[in-house]
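A.B. asks: Below are the chains, spelled out letter by letter.
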Amino acid sequence: MAARRKGAAVSGALLALPVVFFALFFAYPVAAIVARGLHVDGVWRLGQVGEVLGDSGIRHVLWFTAWQALASTALTLLIALPGAYVFARFDFRGKQILRAVVTVPFVLPTVVVGTAFLALVGRGGLLDELWGVRLDTTVWAILLAHVFFNYAVVVRTVGGLWAQLDPRQEEAARVLGASRFAAWRQVTLPALAPAVAAASLMVFLFTFTSFGVVQILGGPTFATLEVEIYRQTSEIFDLGTAAVLTLVQFVAVGAILAVHAGTVRRRESVLRLVAPETTARRPRGRGQWALLGGVLTSIAVLLVLPLAVLVQRSFATPGGAGLGYYRALTRDDSGIFLVAPIAAIGNSLQYAVAATGIAVVIGSLAAAALTRRDAGRLVRGFDALLMLPLGVSAVTVGFGFLIALDEPPLDLRASWILVPLAQALVGVPFVVRTMLPVLRAVDGRLREAAAVLGASPWRVWREVDLPIVRRALLIAAGFAFAVSLGEFGATVFIARPDNPTLPVAVARLLGHPGDLNYGQAMALSTILMVVCAVALLVLERLRTDRTGEF
Amino acid sequence: MSITKQVTALAVGLGLVTLSACGSQDGGSASPTASKTVTLVSHDSWAVSKGVLAAFEKQSGYKVRVLKDGDAGQAVNKAILTKDNPQGDVFFGVDNTLLSRALDNGLFQSYEVKDADAILPAYRTDADKHRVTPIDTGDICVNYDKAWFSEHKLTPPASFDDLVKPAYKNLLVTENASTSSPGLGFLLGSAAKYGDEGWAGYWTKLKANGVKVVDGWEQAYNEEFSGSAGGKKAKADRPLVVSYASSPPAEVIFADPKPTAAPTGVAAGTCFRQVEYAGLLSNARNSAGGKALLDFLVGRTFQEDMPLNMFVYPVREGAKVPAEFTAYGPQAKDPETMDPAKIAEHRDQWVKSWTSLVLK
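In order, the protein sequences belong to chains A and B.
For what it's worth, the working numbering labels the leading residue of the first sequence as 1, then goes sequentially.
For what it's worth, the working numbering labels the leading residue of the second sequence as 1, then goes sequentially.
One should not assume that every hint holds.
[What the hints assert, rightly or not] Now the stretches of chain B that chain A is said to cover, found in silico as 3 or more residues with beta-carbon under 8 Å:
no., segment
1, 82 to 94
2, 297 to 311
3, 323 to 336
4, 350 to 359
These aren't lab readings, by the way, just hints derived from the structure by calculation.
Here a beta-carbon is modelled for each residue, glycine too, at the ideal position from N, C-alpha and C.
Next comes chain A alone, as it looks inside the complex:
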């Protein structure tokens, strides 16, 4: 009894900082902006909910949001599941680099992804030049961009588990007379199903709340809930409608996360896992080589080509291939910014480092609390809560920051820390998801043994826990860093105009006509891409045995 209470107290103490962080920098600003829309002249206008939802335009948005998310998820699974298999079971040259490459899109800001696709399928894009085919302002451009963006989610989540499933189980079934398909369906599929479900739900979540991709590729006719919230808030200034839509999105995302939490818990149930190195082998036979070839081709066309087009355009100056656009980045005479665009790199790195620091501290504390066996239900519920910022409109968070954090002692609006705080919100879920499996895997008996042999608590931590956790911490930090670097939705609202980050600078340049601005946007995107790719390659070297969920 006393031990249990003590356990609860420890969990509570660990959670104190994350709870305060989320209350102050997430719940409070979001509540403030929603209240600003629904609480007018001292009266709660809850009748607005029915009014907004009855609007045919809004219903159209809801319908489009849902079906494009479903279609994107299905398409992503279709294309990425073979990829997951290949990464899990085959051993081939350059696999590590390729795994980093397919993850680059995921951490790229959506504006850059949108631009890459516009360069590929828009007017004067590659397809237009080759065959006169244009897909911009069609839903196909959006769906393909979503596949591009989320490929890594499926490969990493499903492939990560697949690599650790013991292939001998399936072989045993075949020896016992099952056909290849039956063996797969009855042995592998049930083991994989929770991972596939979790990946699908994450892809659904990301595409349901898609913003930059739809805004750039969708034109005025296609809008997701998130884009509509942005329009209502930033352009039409109808905070009431925006508030209602925010609540709708909140409910939808909450439901998705609740289901996701369920599948994650099931996935963590007992499976016989083996080291991934032992399950991968070189492809054998024509079929396997063809599969590998097919997957590599799909990666080349869907993932590498858009990135390559970006890079190519950054060098394609009017006078032929050259570094003209990169040189232009160092000048501050364009009038779009008050600083040379190159300064955005420094801003971005500083913000991302600060955001990573915050995300790692908050995320590790939360993960430590969630790992404790004596953690109560309430604590586990907090796990899902931590994921919410991934699915709540960034524009809501951004505007919420502007109007909520304006009174001492929390008058942060003039402070640079505002941007890292917003970025840390999206970084924390990644830290938690990376740290949790590793922390859960630390064998308590090791600690006990060390203590029995006379090690001080500090020494136990240093000699037992730290070596195991250190790599996971680095990986978590790397992911948080990459995600912070690419964060766009909230940053665009709170970054001061004279301190743009890379994604914000790219968007600003794209908003201005002219070759030079476009070229500079491509050059900055390329730089951002390279930074992200380097961070991910470093992470590949650090991969732990038990991969996290991203």
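Once you've looked at the hints, dock chain B against the given chain A.
C.D. replies: Positioned in the frame of chain A, the structure of chain B alone reads:
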């Protein structure tokens, strides 16, 4: 047990470091020299000749900091949301279509500029409270691609009525009225022309006649309109676009070599008059500097510098306009206008109806 304690200690330590770091940064930004700096918040289109601004800085002793904060609508909305703790002292760039939003939300405080009498009476507004000062004006009009029309032996349209004629089917590109200021201006122009009830019928016909709607001016003008320099490069295929009366002179001034005549023209009967205002922000930290800056904005020097920088007309009586401006882009003689109070009353409803009528 021990690990969790250690992690907590480490985390709390790191958290404190982060917080103290932000504290020190806060202290740094509130420097005593702030009162010598005056901050202008504006939209992305703000531009001024360097020499003109430098002369103001020298004469007034204030250093001018400019924050360009997104397009016109976004800049206004953000200014309203941050009005209790504004990002600057003066806001420039709210136009007659959005004026009521700024005034109703208490964005500005009163200040009557020194040269208030020099402003042409037609542009004065809010005369009793002086919360805003008109700075520039321009006309939103349909532009046409001269080469395209002579090639197709077609007379360019001249009026709102012409645009719905079958001869001009699938030729016009305009902007989303809910996200773009020329798009909204064109909608208001049609409402001024056909009345509160008639505009919807006009747009039904326009839609049937193949009007294309894109999100913003940049896209419409530089990617869809065949007459602009950008559009030619992009092989654009729409010879009619909703843009400004000052777009033709821009096509001449920014061309190399300069043509003898503008490649584009203006459909004179499709214009809507836009006026842009500036004002002293409520809670401005440096209101003395803000007032000096506002005086400068209506001063002759700035008013005459404006046309070639922002492609707008001055509002000051007797301010000279550059020759290429009058030659290639004269102000519309009889533009549609609308009282800001009426715009305020109907704008949101019209935009909503327009969206479901034209986009959905």
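A.B. asks: Work down the list of hints and note, for each, if the structure agrees.
C.D. replies: Hint by hint, here is what the structure shows:
Using a Cβ-Cβ cut-off of 8 Å, 4 residues of the segment 82 to 94 of chain B lie near chain A, which meets the minimum of three, so the contact claim holds. For the segment 297 to 311 of chain B, the proposed coverage by chain A is not satisfied: 0 residues have a C-beta within less than 8 Å of a C-beta in that chain, short of the threshold of three. Judged by the Cβ-Cβ criterion of 8 Å, the segment 323 to 336 of chain B is not covered by chain A as claimed, because only 0 of its residues qualify and three are needed. Look at the segment 350 to 359 of chain B against chain A: 5 of its residues bring a Cβ nearer than 8 Å to a Cβ of that chain, three or more, so the hint holds.
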